[in-house]
Amino acid sequence: MVRTRIRRTQISLLYGALIVLLSTLLLGCAPAEDAAIDRPYSVAVFVPGVVEGSPTYEMLVEGVRRAVDESGNATVRIVEGGFNQAEWAGGITSLAATGSYDLIVSSNPSLPEIVNEVSQSFPEQHFLVLDGYWEGNPRLRTVMFNQREQAYLNGYFAGLVTTGGMPDSNDALRIGLLAGQEYPMMNQVIRPAFLEGAQAVNTDIELDFRVLGNWFDAGRAADLANSMLDRGVDVILSIAGGGNQGVIATARDRNAYVLWFDSSGFHHGPGVVIGSSLVKLDQAAYERTLEAIEGSLEFGVGEVLGVADGYVRFDDQDPNYIEYVPEDVRARHADLMQRLMDEPMEFAIPGAN
Amino acid sequence: MSQSQPDSRMQVAVATIGAALLLTVLLLISVSSTPYAAVRAFFIGPFSNRFYLGNMLNVFSMLSITGLGMAVAFRAGVFNLGGEGQVYVSALTATVAGIALASLPALLGLPIALLVGVFTGAVIAGLSGLFRHLWDTDELITSFLIASASIPIVDYLIVGPLNDQASNLLTTERVPLAFRLPRLLAPSQLNPTLIIALLLLAAAYVALFRTVRGYEWRLSGLNRQFARYGGIHTGAYIVFPMLVSGALHGLAGGLFVYGTHYATLVGFTAGLGWNGIAVALIAKRHPLGVVPAAAAFAYLESGARIAMLHTDFTFELGTIIRAVIFLFVTASVLPKLGISTRVGRSIRLLFRGGSA
Amino acid sequence: MELRHITKRYLENDVLAVRDVSLALHAGEIHALIGENGAGKSTLMKIAAGLLPEYDGEVKSDAGKVCRLVQQHPQFIPQHQVWENLFLGIEPRTRWGMIDQDAAARRFSALAGRYAFPVEPRMRAERLSAAQAQLAAILGALLHNPDILILDEPTAPCSDHETALVFGMMRDLRNDGRAVVLITHKLREVMEISDRITIMRHGRVVRTLLTADTNPGELSSLMIGEDCQRSESDRRFSFARRDSGTTARTPLTDQQDPATAAQQTSPPPSLRAVDPAQPVFELLKVSLVRRGRMLLENLDLRLYPGEILGITGIRENGLEYIEDILSGSAEPSSGEVRIQGNLPTRYTPRVFRKLGLAYIPTDRLMRGASLSSTVEDNMILLERKRFGRGGLLNRRASASFSAALQQKFGITAVLGKPMHTLSGGNMQKVILSRELSQNSPVVVFSEPSWGLDFRSSQRVHDEILRLSAEGVGIILISSDIDEILSLADRIVVMYKGSFARTLHGSDRVRDTIGGLMLGIESEMSLAAPEDHNHDSSKEPGQ
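Protein chains in written order, with this note's numbering: chain A, 1 to 353; chain B, 1001 to 1356; chain C, 2001 to 2542.
For the record, the hints were derived by calculation from the structure and aren't laboratory data. This one's a predicted model, so the numbers in the text were calculated from it and none came from an experiment. Among the hints, a few may not be true.
Not close to chain B: a few residues of chain C, all C-beta gaps over 10 Å, as computed [stated by the list, open to error]:
1. Ser2022
2. Pro2157
3. Thr2208
4. Arg2350
5. Asp2377
6. Ala2469
Rough simulated footprint, nothing fancy, chain B against chain A, three-plus residues with beta-carbon under 8 Å [unchecked claim]:
7. 181 to 188
8. 231 to 245
Even glycine gets a Cβ: it sits at the ideal position worked out from N, Cα and C.
Hey, can you work out the whole structure from these sequences and the hints?
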């Protein structure tokens, strides 16, 4: 009896404390400072992941920062949303709910759908999403890169390598692609375009496609790379985040080659990483953010930028590229670049509304 | 005797949360360039607008259900370490059921879908109970293993066969519009799960403390040897509590889908099951204790998240703070529950599992 | 070393373990300390070794003398190597202050080699056998180079060979001019190795004598005590007389046909509905094997209404297992149990209770009570179903039920307080009140007065006699010979998992029991007068 009474008292005390805490906080937070009349343009960058270690997001942040610095009358806050996709909507909503940002910038193919949904609750909020595509939301501007062209560039280069372009190329006409996970862009664009590019060199080339299942397990990535090499693959396009390191290690041990995606990767393994396709995300982020600050950015549209626009490239300036890749291969790839400049490829965006 | 000072145990729980808060404040102050704003965002943020308040309450309702799921198992002296996986798998089955039943009226379809989730969770956890009863395998280990093994399977199903081809997210298709629970404090995620959670807590309290079965249930947890000696079918109070615990986690999974996310996304449970353990422990395994415990946890979580949004607080720091809270709570409350090797093992498993 | 007027009371359970004991230990001597379980031997030696800080009295020893105690079940950190366990705190250091593993291992090996103890220093402690662990612990004590070495039941896990090694080591120490104390209850070992013997009983020293001057028979009776012999016969037989109106009730033997037994027995007039000829409880050829070890072997037993059957023996001879068998807590490996003629469908306490058995367990704290539950919750355990109304627990009814029990048994307690707030005596009363509220025809008592003060155990004994008078069949498991002698009609002595002998009537002599308990009955030549049941009462194979 006495004991239960003690326990009851304790619990009611705790409830009491909770209520007191709640009410003080509610009272205490009433007058939030209101927007100044002539306040600077305020930008928030929502990173769906973590900046550190992600070249794409580093480019995103750098591009937006540059625009903000240059404009002189703008501020920027970087918010990391972490890896749980389910929490991204909450993160974006939270940012929108503060009402203190003129523009929320983000980057990821899956963000437009999230943003479009959040936008229903906060119709005044403007968004800029790079690396994603959406048309028709009057407050949402998207900038997409022609990843078909990008994968095609990698594929064509892989085709040149596996057909004997490099000293350690083997006789088998097999190229490899390791993906961190399967996602629409990977399955519907990158994978077919990579093979398409290779087959533009030789129609007999086959693709060995593997999925790591995550974006960090370098050990398993090395195993998968080994298995690919066992089956005659001599060049692997690795799009596996932290897993890429495992692929490089295997390729180095067994004299195979690795291709990089999205950013320049030569420094990760000189002589092993022999090709990198580039996306000028920083440039796009910079330009569109600056336009937004200046008030000239058009919303409600989705643009696609490709080789011809100068936003998708192949890194042919890196000294490692020039040192390790024979001149004739480089020349043939430069021809391809020129072809794409003249004739951009059609890009069917998966999941486009 | 370890149980001789119930009030000191409560003090420990309160002191723990206090210490976690203090450490958080110190972290905020030392790391942030705008310490005042950071502390303010952390503490006041969750109450600063409807959106944050609603989200916090939603976290609270989810944690209440998983915390209750753990508490009822702990009350019977069984350990369900598979809560995380149970929530996840059940969310998926409830999602699939809802999509398959889209043609039914919501009043019929939604309960069926939720029941599918409940059933899934109950089966997964119940298996561990059954194994313990039949072959004396440790339900602590088996529930952990079964749940851990099921998580990658769900991941695969979401990414593979059940993937929503129209979305770039790693997600299933969304459940029918009619089935979705209404939002209570739009645009926040708060939904009727809150009411369901509170009703469940009250029901659990009555069942445990005011019924004969509850008496047997608690006695089996307090002293299984004594319960067996008294003619209580203790085997049943291994299997049954695991079933109920799993069912509650299954319900949490279903409600998470139909109330919060409308689909199952890869990894979206994000510690709901693990934090349920911490909640149950702070609550002293008492259904009514779950309310303040889940509230405290939800508050701290929301505070960390808001501080992250409003200040130069990085994602890792937010994670660290959540981990600190979890660590403090489990480390300080667990040993007070009575020193036993089972508890010791559960701590080790918790941290291995929690960090994975 | 000298111990003077040592008294030790354990505060946790209020047991007076050692009462005003004085003892002198001499260098160059092996001193055996013998006595029954709970006689206070281990407590006294822990005090001598300085392991128990709180006691009354004085421990005198010369400055600088090292005294080490090797406890009965040595504990090691299982994942660590043997040497790491033993050198904890005295690790040899290298010049750099690092632990010198090799030096430690060498020192250990040298010591082990000296006594031919088969223990490797680098072995992980968890891989040690029980005997090896014991030897390792002894070596650990020797590393401290003790002047006085106390060994608590060192040979319990040892085979003859290992026992010989331990004895060799003890002699070596003695010849080296050190004092060795051997705590044991194995009389054979005492006679073989010791120089002097101190016998303890109930916390007191009964006598100290030279080994050369004594024999196992004398030791046995000193250990078990002779002072109560008078009172036991008075008490028990006056009770029996009161019941039957004749002289001592003719005891029933296990081998007898129940029909014949019925003719021989003149049942007490108070026996009512129950058929006195039908056993209320039977064990038929019950054996218990666990992990290949025969714990109980071929036990036969019949209990008749109104009878008090005592089962006694020394710990580790099967008393704890027979308790489990009798209560349904363990399933026999072979043989069967019958309660009121019925075979249990399953061997669980639940089924046993349904068949009419109540049970007061030895382990009151774990099995007999739920310490963190309220007193009331402890009382209603068996009646819980009665208080259920539509599934809900009727707290008002359960409270009045508990209050009634409290009054009937005179329990000093607050019903709403946790069980652990109660004294040992009241706790036992709660357990009794609960078990006896069922009016079961069979009640198993196991060590019912263990740890209780005189008044409380008196109450328990009165209760047992009252039940017996009402015709309840009672099995009393007790290692307390006084208790058994004063209550039981028949006494079964367990030795190494078997019933060594069933004794009744005038057979029930302390010396005989003591000898049977220690397994030396053959030497004891059973001086007790023959009675007509004697031969038939012997277990086959004994």
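Evaluated hints:
no. : hint       : in the structure
1   : Ser2022    : 34 Å, holds
2   : Pro2157    : 23 Å, holds
3   : Thr2208    : 38 Å, holds
4   : Arg2350    : 4 Å, violated
5   : Asp2377    : 7 Å, violated
6   : Ala2469    : 27 Å, holds
7   : 181 to 188 : holds (count 5)
8   : 231 to 245 : violated (count 0)
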